[in-house]
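First to last, the protein sequences are chains C and R. Heads up: the first sequence is residues 492 to 1046, going by this note's numbering. Heads up: the second sequence is residues 5 to 426, going by this note's numbering.
These aren't lab readings, by the way, just hints derived from the structure by calculation. Nothing false has been slipped in among the hints.
Taking lysine-lysine and the BS3-like style, the derived pairs with C-alpha atoms no more than 25 Å apart in a straight line are:
(1) Lys394(R) / Lys589(C)
(2) Lys754(C) / Lys226(R)
(3) Lys615(C) / Lys602(C)
(4) Lys615(C) / Lys299(R)
(5) Lys230(R) / Lys704(C)
(6) Lys524(C) / Lys561(C)
(7) Lys610(C) / Lys299(R)
(8) Lys610(C) / Lys305(R)
(9) Lys308(R) / Lys589(C)
(10) Lys299(R) / Lys612(C)
(11) Lys615(C) / Lys280(R)
(12) Lys739(C) / Lys230(R)
(13) Lys305(R) / Lys589(C)
So the derived label-pair ranges between C-beta atoms look like this:
(14) Glu718(C) / Val283(R): 31 to 39 Å
(15) Glu659(C) / Ser374(R): 56 to 64 Å
(16) Ile654(C) / Gly359(R): 47 to 55 Å
(17) Met1026(C) / Lys403(R): 48 to 56 Å
(18) Val906(C) / Gly256(R): 30 to 38 Å
(19) Lys403(R) / Phe1012(C): 39 to 47 Å
All C-beta atoms, glycine included, are put in the ideal place defined by N, C-alpha and C.
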Amino acid sequence: MKLVLLVSFFFLLGFFPIGALAPTLDPIDLQKKLSVLVTGSPEDRARAIRSLEALGETAQEKLILHNVLKAYGNGALYYWNGEAVFSPAVTQDENYIKYINPVDVVTGKYKVSASQRVKLKDVKILEADRNDRDLVADSLLFVDLGLDSRDLVLNAVQRIATIARAQEAVPALAKLSKESKDASIRFSADEGLGLVGLRGATDRDTKVALIDKLGQLPSLRARTVLEDMKVGETDQVTLGALNEAIEKIQNYEALVSVFDVIKSSLSSGSILILMAMGLAITFGMMGVINMAHGEMMMIGAYTTYVVQVAFGHTAEHPAPEFFLFALPLSFLVAALVGGLIEWLVVRHLYKKPIESLLATYGVSLILTQVIRLAFGDNRATNTPDWLQGAVEIAQGMEIPANRFFILLVAVFSVVLVLLIFKYTKVGLNMKATMQNRDMAASMGINTRWIDSFTFMLGSGIAGIAGYALTTVGGITPDMGKNYIVDSFLVVVTGGTGSIAGVVVSGAGIGLLNKFLEGTLFGTVWAKIVVLALVMTFIQFRPSGIFAPKGRLADE
Amino acid sequence: MKKFIQSSTALILSGLLAMVVMAGCSTGSATSDTVKIGILHSLSGTMAISETSLKDVVLMAVEEINAKGGVLGKKIEPVVVDPASDWPLFYEKAKELILKDKVAVTFGCWTSVSRKSVLPAFEDNNALLFYPVQYEGEEQSLNVFYTGASPNEQLVPAAAYMIKEYGTKKFYLLGTDYVFPRTANAVLKAYLKSVGVPDKNIAEEYTPFSHQDYQSIVAKIKAFSKGEKTAIMSTINGDSNVPFYKEFAAQGLTAKDVPIMAFSVAEDELRAMDVKPLVGHLAAWNYFQSIDTPKNAAFVKAFKDYAVKNKLPGGADRVTDDPMEAAYFGVYAWAAAATKAGSFDVDKVRAAVYGSSIDAPGGMKKFDESNQHTYKPVYIGEIQADGQFKIVYNTDLVKPDSYSPLLHPDGKFPAPTGGPKK
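Bound conformation, chain R alone (with noise of 0.2 Å):
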């Protein structure tokens, strides 16, 4: 007994020393010539390889906007916490910026586990995030803007690509296994069937998070290509990208055999990768590092600068990408909507950002009018060996889904979730 009084003190006097630590951390000193927002993304944990690039835009754009004077005359105070990839403490960390730093607004999430985990939060204390990723769509809340992708801005476009440029016949869906590549997968294939392509020319694939050994599935994915024209749908996620791109070298195939067009490579995976063996494998995005534009020119060399700047690892070979180019332009539009409401009242900037346009890195955005997404061109690349996209197709801007019809065909669409409290 005397043991457990001694280590349950030791565990809350620790508690406690945490707490205290915490609170010097993210306080620092709130002036009321600031405004503070959170930034909500992973620096430590699985998923920090994708999201410290988007902790690092954001506050570049910060800096700039700062550089400029700031929003409604208050300088922009960020206030960076790290979940550490770990979905019940996005929660708990979400809670804190909204009810203790009391945010403006939040920039954060990548994974819609993640997203789905902060939902509660920002639904509860009406609260404001900002949604930077392309994710599987089937969600509306009063209290997201979503700027990456929805599923008709990615999914569908890509696998009407390969329809139509390559005469692809068979598809082979493959997967890390978790809401994101099932739900687009059940999109995927709403779509393929209603195209036409059959049920035996279609497979579905998962593996685990962190997979490692693609030996059997590459082997599959051999055999099922034989005969006719056959694409590979990767919605593959993290780190087992680079084990399946190299298998799939090393067992014989090209991208001439067996394209694969993938979901969540970016430039910021290849960074990581040796390209060689994946020139002429595909990637549907919204943005390209590529794009050639004096405005998307200016974000790159912005960037590049900024992390030579402040030492960030990789320094001038640091890349752009979509989900940063996403992260980026919200914070911009976010500021914009306050500028035009003339407030940081959350109700007042969601109706601020309905319908707005924004001049992002990549080209002219807009806010749709009512399902808190966004109007985006699809593009769609080839990696070449220099590790950047050759944008091989591009659209218009294309307006957001929220929820799919392909999965809602009698077109009665669920309610949105959260907004003012009633």
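One chain only, chain C, in its complex shape (with noise of 0.2 Å):
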């Protein structure tokens, strides 16, 4: 009997949710607090906003009230029927009259129906003013600490310590700095602390202690506050706990700071390698100076945009495999492009360098406009999620998803090509038609075929080059135009034709770039800084860092 009483206690328990004992959140006076926003005094709804933040319990309920501040933030929350509701979009009919359609704030359900539409002059739209905003800011962030995202959890975590009313959450940051399992979130929560309680502490001994912890951490968040503490600090073991924490931390910046220039100049290093192994290809094995291969970059680009317009993807309709099938989508289209130009134009010229620049160029410029017309000007592709943002691989240093991405694509696209050349007979047929085109002809080798499929290589990987850039800019028709120069410093340094100079140069010049604009020069100064240093070099290394050697050089 005993046992059974107990059992049906815990089942009693387990049935009940524990929100059952604590204030949990009731759907009636979640209204009643939202309808004070509606007509309430400044200071009422600076209460009401406020009270919010005790509601709820479970990350579940802390999750709506995220949502209902979000939307009162973002103007999104409506007054309709005598109470708050979302809407998932604002439409407009053909006479440009705009509708809601109300859903719960709470359920999540339709008020009326999915099809139906509420005029939005016929409701009250709760827009927060500069000081609501401000104060749902703040609430926002200590209803985030009870949620299950880590992301915003950290987010909260890490932002909450500089607020006014960061005092407030020191339980909060307490029980996440010994209970979150997340590495980065008790970091943060420790350094939050210990922020929180500087800004308190009155006696020499809490201090110094805190200061030595936060250079410990070291907590770059900290560097600014105790520098500020310094300038009216007067006692000198203080000072002394300060200087030695702010250089813990000023050490900390300046390797993190390297780890930038390192992530940025591998980046546009690769988008350096993508553009001009292509280029290289078709230069050394050709003597074409393609000056339309940014084009090439330009319709791989497009051609993804293009993709995503068939997939229907939108921020809204998410369709995200676009991204996928537009990737040997780009490569096809700018290959066959490509080879369209080859033998209406570039096969007459093979050989002519300043013929082949002219002509080419102007095929650039038909290209250009082509698409400006056919396509119109600065389109944008909406990246898929798993692109946008970024991974924290330590304190202050992240590495943004599209970034890498494009870093994997530049390594797959050397390794491919390596791979054809090594292991294919085609790429052994291209070797040699580069090393000597009228031997490899009287060996049986179709130069003109080679020549063609060659010159669609280059500009399928220009393509790919065109799709990984549409996640970090916008598509343009003149977007070509701004690789194509550095493109050609890249292939000039390295050595014509050779992949692995392409590899080492391209990476070298956006090391160098990325150095110089970090550190000592602007953006503009660090471009002519690089292009006389590459001049300089040119003028002791003509042939670049791979020199053809041998009998291949005197051709």
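Hints in hand, dock the two standalone chains.
Structure follows, in structure tokens:
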């Protein structure tokens, strides 16, 4: 009998959520508080906003509060039929009259029906003013501490220590610092506790201990706080601790900036490599200066855009699989256009660098304007969610997903080209043609066909570069022109026709550029200095880093 | 030598051919019951993205005026030319409009460098240009009416707003490397110093046109913004905006950390961007599509309908923005002035424009009594998820400066240039 009682007791406990005991999210109470936002005075509204923080217990309930606050801050909360509602979207009809589709803030269910709309004019938009938005932003942090989304919690932990009411967050921070499973959250919670503690600390020992702790972490966000403390400080012991902590943090900052330079140079280097690789092959093999190479990249980017439109991918209705299909398609379309140009123009101009330069420049102008007329300027793809955001590998060191993706694409393309050269018959024929066209022809290699294939391969890789670039920039008809000069710089520095040369000089020029940009010069001067350095380098090694050797060099 | 003769003959022939073709395009059927106006906006090249919409909206205004009977009993006949984002070509095309087509007035230009290029053409021939874009000031030509903002109607109020509303202590002035951002930042710096922002709290940086890689700059902004409240005052122009905002978001910065106040990003530019990460960033203009008045709603609807009817790219998704409003009411201002003057004569029209009021889509505007510029209200908007701006601040009409007192503290302004031939 006792056992039965015990079991039923636990059963009941499990059945009724703990919320039954603690204050929980009562929809009627929530609506009552939200109704204050409609007509309440600024003070009443401030109280109502803050009272939302205390509501809710579970992560799920906190998420509802998060959505309500966020909607109020963004002006996307509506007051209709005596209660606050969401709307999935604001739509308009052919007369541009706007409508919403009321949705219950707690249950997420349609108030009327999925198809029935309400005129926006008949609804009161609950729009936070500047003051309310600041209050909402602070309250959001308190609510977010109780969510179970790792990113939102981390964001809240990192920001909450600097707001005016940070003291109120101490219990929650202490809890996260002990209990969170995520190392970044624990770190930031410790940091936050240190910063908040320092603000309230009065006696020297507590101060010095906290300063030491922040220096030990080392906390990047603490540096300015510590520097400000130094200004009025007279006590030698505290000053010593401050100096020591600041030095530790500065050392770490130096490390972070080195990381930043390496990261951004790898990223811009990989774009250069993708662009220059095709150019190196065509230039080295056929002696053609292809000024339309940048347009192949542009065509790859526009292909990606067209695929996105075909899949109907938008921010509201994601269809991220378009991005996978766009990769082979951007390669193929660019390769086909490249093949067409080769057949129409370039094949008549082999071994005539000057003529090919002028003719392909003309082609590039035509392509640019044709695309502009057909597709318009400045399109943007909505990058899939998994390519947005960044991964923090250590405090202050983040790798943005899109940049990492470009690096992967570059590595993939280099490996692909190397494999083609090394292990396929076509590759062998390409190498032979590149080294000695007449001899290769007399050995039965169809050099005409090989030329065409090579040109298409180079164009296709440029198309992939365009595909990758859609994740970091916009798509414009003249985007290719921004890269063509840099790509020639890479080819010339690396040594014509050498894949290894392209990789080394692409990465090197990327590094040099980013190092100068980030440290000594601004963007404009960095470009000029890089150009001057490359010109000087060419004076001493006219054939580039990986110059052809032996008999090949004589050609 | 023979080859040389051959090729020069070919060159001359092709030149002649081009002239014939051009003449065929632009002469049209001019009769005495029409009055010609020129439209001088780039329809190709790097500025086509912005300027094409201005051509569209000017043509719409012309169509509306013609439907109501034209000006002084004459229908307006627009002559559209394409200077192709090529600054010397702007000068050539301007001269062609003035001398060959003998247009009564020209509506055109976007970048300051294009305006500076065509200035001699208009001043030498005492012709008239309506220039619709906000710019850096420091200019007052009697042959130009500036319907966009001067610095004290956009730059300075925006900086004042950041200090007052956001408590901004540090300013990062970031722009594209040409005359507008450099002069605009000179004005901004002079203003910031005048209100006590120390030198060390102002950073200034420029990138070339079409710059794509903003990694190092965003990293610098991150470092610069530590500690005190920082805002970016952005005069980045054209297609660089997309990679800049993308990089900004990718490195984890939001409008709450470091707000960007942009002077060259309007609804038309947002149309091409992934707006989600930009929500909350700001822009300062004198008009937003979101101005909630019946007059503006009618204007927005009329333009969308016009885009659909004429099958313009984008169709009903097209938006209106500040330069478009300025270009649009410029046509009406000219028509009203010509009617008032009873003549298309440039000197008479100019006199009639001074001090005239115009009921523009975004509200009343007024031309200055003498300095060629326009009284406009200042609007500051926050980017919303739908690519529109939420208006968070606006003023009454502000009197425009032609030359900024901030750059001429002694109050000695240069005399206006151009005007009637003596």
